[in-house]
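Asker: Take a look at the letters that make up each chain.
There are 2 protein chains.
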Amino acid sequence: MKNVVNLYATLSSEIEQQIKTNVLKIGDRLPSLRSICSERGVSMNTAIRAFHELEKLGLIEAKPQSGYVVSYSHSHFKNIVASSQPKMVKGANSMDEIMNLVVENYPMAKTRLSSAILDARLVPINKLNAAVGAATKSLSDSGVNYSVYGSEKLKTQIAKRATVWGGKFQPSDIITTSGSTDALAFTLLALTRRGDTIAVESPVYYGILRLAYSLGLQVIELPTDPKVGVQMDALERLMKSKKIKLCLLVSNFSNPMGACMPEEHKKRVAQMAAKYQIPVLEDDVYGELFFGNKRPRNIKSFDEEGMVLWCGSFSKTLVSGYRVGWLEAGRFKKELEKVKLNHTLYCTTITHEAVGIFLEIGRYEHHLKKLRASLYNNYLNFQRCISLYFPEETKVTHPTGGMNLWVEFPKKVNTIELYNQAILHRISISPGRTYTLQHQYNHCLKLSFGMKWGDDIDSALKRVGKLAKEMM
Amino acid sequence: MKNVVNLYATLSSEIEQQIKTNVLKIGDRLPSLRSICSERGVSMNTAIRAFHELEKLGLIEAKPQSGYVVSYSHSHFKNIVASSQPKMVKGANSMDEIMNLVVENYPMAKTRLSSAILDARLVPINKLNAAVGAATKSLSDSGVNYSVYGSEKLKTQIAKRATVWGGKFQPSDIITTSGSTDALAFTLLALTRRGDTIAVESPVYYGILRLAYSLGLQVIELPTDPKVGVQMDALERLMKSKKIKLCLLVSNFSNPMGACMPEEHKKRVAQMAAKYQIPVLEDDVYGELFFGNKRPRNIKSFDEEGMVLWCGSFSKTLVSGYRVGWLEAGRFKKELEKVKLNHTLYCTTITHEAVGIFLEIGRYEHHLKKLRASLYNNYLNFQRCISLYFPEETKVTHPTGGMNLWVEFPKKVNTIELYNQAILHRISISPGRTYTLQHQYNHCLKLSFGMKWGDDIDSALKRVGKLAKEMM
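Heads up: the protein sequence lines correspond to chains A and B, in order. Taking this note's numbering, I'd label the letters of the first sequence as residues 19 to 490. Taking this note's numbering, I'd label the letters of the second sequence as residues 19 to 490.
Quick caveat, the hints were computed from the structure, so don't treat them as lab data. It is possible that part of the hints are untrue.
If chains are identical, the list can't say which one is meant, so a pair holds when it fits in one copy or spans any two.
Heads up, simulated EDC-like pairs for lysine to aspartate or glutamate below, C-alpha to C-alpha not over 16 Å straight-line [to be verified]:
| hint | residue 1 | residue 2 |
| --- | --- | --- |
| 1 | Lys429 | Glu411 |
| 2 | Lys356 | Glu115 |
| 3 | Lys352 | Glu122 |
Isolated chain A, as found in the complex (with noise of 0.2 Å):
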């Protein structure tokens, strides 16, 4: 028996190994266990016995017609970070200085940690410039002109897709924008004047401060969890002394955190913004990429007195550069079209009919299975290497969807000074201290994974371990 014991054991460590050392990727079929009966030389049972072992383990999993792959897993992450505890004071300091060496610095790196970027070999380039030229021959005037009420095929497919999660639009309600940073700041425009403030999670993706800051705004950051988002009472007590203009929220998978507000917080964010009549714009540009079976639902789908203004883009889930957007403004529709009139006019005719007709003719949904695998993928390695390379005590969040990751060094780990000595390496990384206003999450770095998976990243992030651990 000890001898069974022993086979087994040894079988399942010696793939434990193979797996943490990359030798067999996430993703890889392992063998059947037929050949690894004649390869070893071992019984069928003692086999089973391993992979069960390994399944158990979280290292591997059986999917239907494919035999056991690796999936490196939940039980060998690093232990989840707790939810922030941010100062709840006002915000407004200038973060330009740090937020300008990430972005100044930005062309010197070569592998790229830093940004939530989709990597063009995610991209189905071929298929979309397809959709180009099918947009320059679908517009009566191949897209020359003024697109003054934005593709009727694009808005007619962003309102299909919401009836998914419960959204119930025309396509007249949708206006579309050049990527949801112009809808974040169409809003803002409109809703807020210099001095009000406004609510946002924390730490908070810094494109939502610049623009706050651009605009004079003060900003109040929310103790946040990294699974559930937001915590409510915190909202609640503060929509309530109405003290704040308006709470912007990323329901879905943010940047940083992660986190996807469950259902009920959803549904409550949804009512005490009627209740205390303050607006709520949900950002959701990245709902789209979860990594369970099912499309989260959005505060929006419980507005029922339209002070929930939903906002997204093709940004994060397929084309970046084509500056695809939209908001859905509930009942402050008119404000917002006439803030959009006034500040930019129209959008881009030809990139927005294409991303019409590649929705039209059902393209979309199928790249977004295989981008959601390839993300799930990349999500798997990056947490094998920082439990792997990364100082025993850190910390990470568990995001069931997006490709962002928050990390929480031992506080002896100063992130900035990490940025400065990975970008001589020509690596680059997001210091934590550029997701608030406020000086906090120095030990903090958020990490993207929108990239192609491959052994330079895998490098980089074993290079960014080791420089965090000399630092102790």
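Got chain A sorted already, so can you dock chain B onto it with the hints?
Answerer: Structure of chain B alone, referenced to chain A:
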């Protein structure tokens, strides 16, 4: 001798009538002298004298290798409007209601004389489609990624073209934008604050008023001459008083007045900007659309201290739906780059590259030559129709470029009322009241002539003239 006088006078007045009634159309070639002689049985001498008579009247002109062509011109135009004398008080009233009228009814209109929009029939659509195709090939990622630095090709071409009027830029000086409305919005966002005052010409393009209103800016409208633009002394008094934070000028062929500031005025504005340290934003969207032989210089060419920001777009000269504009921000470059990043991130990659390619291979210059000829032809036709159909005492601007005319009816004609009448005939015109924040210009009208000329336009102008006469 008397007989001869009668003969040539009869002949010339017959032809004059044919031109005025549009039987002979502007741009048409006249029959050759030889064929006139044989058809009419007159001597060559008589035919020559008749043609000279018409030439003196400014109705025809000799074109090299083409003989004589119809060129209905200045001596037949209505009198030029006088300098505007706007109420020089701060204005920040809403004018949304009137504006919405024009915008909302726009789809109803069949003949659109209201907006400075380039007709798709004047756009080289096939060549632009080819440029889009070329862009997807010349960009290594086919343009699916963010255009972080903007199209290098485009920036190079914009910098190159600027040398014609004395602009000295590196490609890296050019900030690309999605049209010039974006450039205006970014500049006002960067350099002004809610409650600040800016100075503009008067009447002024309502897009500028709407944008200022949206940002909570006060606007002072300057007396403006239809030939030379804003009154320089009035502008200097204002700048000296430090009551304004910024001055926004469309120095060449502005909408609606069409004035082209002379070089000495441009130089003085640049000097005043430096002397009083007040930034001047020069919107140059119409600069390429000159009717004469030479591209006018810009204020920017006299700017030695970087206090002048120069912006423009291809929307009025080539293609509006591609959303391609730019900004050279002088000493404010860094601030403006930040505002662009914060508010919209990047521009559409493919269409910006496509315009860059279109310019690089020399097609823009060729296209502009044809476009300028078409617009000049439109201009003459508009002047002809206004002379023939509009009330006797009507005055009109005599711009030397662009695509806009400012019409001053006798005071009895209310152009909001005229608008309401015209739209019933599915004709869209632009009431003067929308070009100011004050209660003025109620008897004025803006007409744009960026369309392809045709009998429908002639009929529409006739209808507008008839409706105006009925109001008197």
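Asker: Now tell me, hint by hint, if it's right for this structure.
Answerer: These are the hints, each one checked on the structure:
For the homomeric pair Lys429 and Glu411, the shortest alpha-carbon distance inside one copy (10 Å) is at most 16 Å, but the shortest distance between copies (82 Å) is not. In the homo-oligomer, the alpha carbons of Lys356 and Glu115 lie at most 16 Å apart only across protomers (12 Å), although the nearest pairing inside one protomer, at 34 Å, exceeds that limit. When the C-alpha separation of Lys352 and Glu122 is checked against a cutoff of 16 Å, the pair qualifies only between copies, where the shortest distance is 12 Å, while the shortest distance within a copy is 38 Å.
When held up to the earlier numbered hints, the structure conflicts with none and fits them all.
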